[in-house]
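Protein chains in written order, with the working numbering: chain A, 1 to 112; chain B, 1 to 113.
Just so you know, these hints were derived from the structure itself, not from any lab.
Hints are all accurate, no fakes.
Within a straight-line C-alpha distance of at most 25 Å, the following computed DMTMM-like cross-link-like pairs (lysine to aspartate or glutamate) qualify:
{"#": "1", "chain 1": "A", "residue 1": "K2", "chain 2": "B", "residue 2": "E59"}
{"#": "2", "chain 1": "A", "residue 1": "K104", "chain 2": "B", "residue 2": "D106"}
{"#": "3", "chain 1": "B", "residue 1": "K57", "chain 2": "A", "residue 2": "D27"}
{"#": "4", "chain 1": "B", "residue 1": "K42", "chain 2": "B", "residue 2": "D106"}
{"#": "5", "chain 1": "B", "residue 1": "K57", "chain 2": "B", "residue 2": "D71"}
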Amino acid sequence: QKEVEQNSGPLSVPEGAIASLNCTYSDRVSQSFFWYRQYSGKSPELIMSIYSNGDKEDGRFTAQLNKASQYVSLLIRDSQPSDSATYLCATHDMNRDDKIIFGKGTRLHILP
Amino acid sequence: EPEVTQTPSHQVTQMGQEVILRCVPISNHLYFYWYRQILGQKVEFLVSFYNNEISEKSEIFDDQFSVERPDGSNFTLKIRSTKLEDSAMYFCASRGQVLQPQHFGDGTRLSIL
Chain A
1 QKEVEQNSGP LSVPEGAIAS LNCTYSDRVS QSFFWYRQYS GKSPELIMSI
51 YSNGDKEDGR FTAQLNKASQ YVSLLIRDSQ PSDSATYLCA THDMNRDDKI
101 IFGKGTRLHI LP
Chain B
1 EPEVTQTPSH QVTQMGQEVI LRCVPISNHL YFYWYRQILG QKVEFLVSFY
51 NNEISEKSEI FDDQFSVERP DGSNFTLKIR STKLEDSAMY FCASRGQVLQ
101 PQHFGDGTRL SIL
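Given only the sequences and the hints, what does the whole structure look like? Please build it.
Below is the structure:
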């Protein structure tokens, strides 16, 4: 059973600080890794995708992937109150099946 | 920016009734999906669809569920005889080519009474 594990939180971070979200996954052959943001009662919104080891930066967001450790993280710099949401880590293996496996998500609360 | 659209946004149905959830994927996308999220739980895969047939389905997707692409734009999920435990948010998603991410619609909240 493929699993994606995340700390459910809540993670409270002061406005302007860096929020660090972590995720581990069980399936070594996963190829694609995603971070989705989900506001309460809304759909998942893709904010970052990463496919190779290392860092990928997009604006205030940096995704980090370490396939040897089966670990994915998301850093949010200069956190804003609008960043308060649940962040879903997800993996995808196109070669074997075509489904995204989601973690339960980490609730992030930015303190004004 | 193109979007996946879902209708209705909220569906209330009596237990045992049939329900059809509708989705219009992004127009040039080839791969289509349904996921569900029971309140407070993780998003779970139901089914993937490509080239007019199911490519994979989860154990949740039993004989009560079916999907169809009746024309060039719509993608539907039918639940034949709804149960209380079918109450959830149902998300449609679509994807273009290999390694492109899946884009989600806003969801349909299904409430079974």
